[in-house]
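Novice: Please take these sequences and the hints and turn them into a complete structure.
Residue numbers (my numbering): 585 to 773.
Just so you know, these hints were derived from the structure itself, not from any lab. Note that this is a predicted model, so its numbers are computed, not measured. Think of the CB as a built atom: it goes at the ideal place given N, C-alpha and C, for glycine as much as any other residue. Check each hint, because a few of them may be wrong.
[What the hints assert, rightly or not] Quick list of the computed label-pair ranges, beta carbon to beta carbon:
#, residue 1, residue 2, range
1, K630, G703, 20 to 26 angstroms
2, E717, T769, 31 to 37 angstroms
3, N745, S690, 33 to 39 angstroms
4, D634, D671, 18 to 24 angstroms
5, D718, Q618, 19 to 25 angstroms
6, T769, S734, 23 to 29 angstroms
7, S734, A664, 20 to 26 angstroms
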Amino acid sequence: MLRSTITLAFMIGVTLIVSYQAKAGEDNTKDCPQWLDMTLHKLHSKETVDLCSVVTGHPLLIVNTASHCGYTKQFSGLEALHQDFQDMGLVIIGFPSNSFNQEASSEAKTASVCFKNFGVTFLMSKPVNVRGEDAHPVFKHLNQQRGEPSWNFNKYLVSPNGEVLKRYESSVTPSSQRLRNDIRTQFSL
585 MLRSTITLAF MIGVTLIVSY QAKAGEDNTK DCPQWLDMTL HKLHSKETVD LCSVVTGHPL
645 LIVNTASHCG YTKQFSGLEA LHQDFQDMGL VIIGFPSNSF NQEASSEAKT ASVCFKNFGV
705 TFLMSKPVNV RGEDAHPVFK HLNQQRGEPS WNFNKYLVSP NGEVLKRYES SVTPSSQRLR
765 NDIRTQFSL
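Specialist: Laid out in structure tokens, this is it:
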């Protein structure tokens, strides 16, 4: 009798935990902006990321990147920004792109520039288009809200609820006080 009571209590506990986890997942999906509700393919990996699970409720900085651009050294600044603000909730996502004909010839070479040359640890997608009709869905939305990137390393600041707040030209570096202050002000970081 005691054994069946313990087993029953255990089963009820497991059911409650599973039910709670399912409910938490539903809430996360419910709060996810539609334009971010997708799977993102990670750079030079078979892994994918459910974007909603990463970004919901977090401020974002989305950047179109390129491996062979005069601004490529901004990877170091983006990584520093990531290290400075990740514990406070900022999510940085880099989207390598050959839209300006300055991306490496292969995904492996792009990954080498990001991960080996600059030590990038923030989320990087596989290479995508960021302009025109065949732009990645994330950039289609960004482009509608704040205009297409004019060059590599344009940065888009997005609120935790998915509102595209600002676009910064390539010349605005990740270490600029303007960008850092906007992050602090918009998200109370």
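Novice: Hints first: check each against the structure and report whether it holds.
Specialist: Hints, one by one, checked against the model:
Range check, K630 to G703: Cβ separation about 22 angstroms, and the 20 to 26 angstroms hint holds. At roughly 35 angstroms, the beta carbons of E717 and T769 sit within the given window of 31 to 37 angstroms. Between N745 and S690, the C-beta spacing of about 37 angstroms keeps the proposed range 33 to 39 angstroms intact. The given range of 18 to 24 angstroms is respected by D634 and D671, whose C-beta atoms sit roughly 22 angstroms from each other.
Range check, D718 to Q618: Cβ separation about 20 angstroms, and the 19 to 25 angstroms hint holds. Distance hint check: the CB atoms of T769 and S734 are about 24 angstroms apart, consistent with the given range 23 to 29 angstroms. In this structure the hint that S734 and A664 lie 20 to 26 angstroms apart at CB holds, the actual value being about 24 angstroms.
Every hint, counting from the list given before, is met by this structure.
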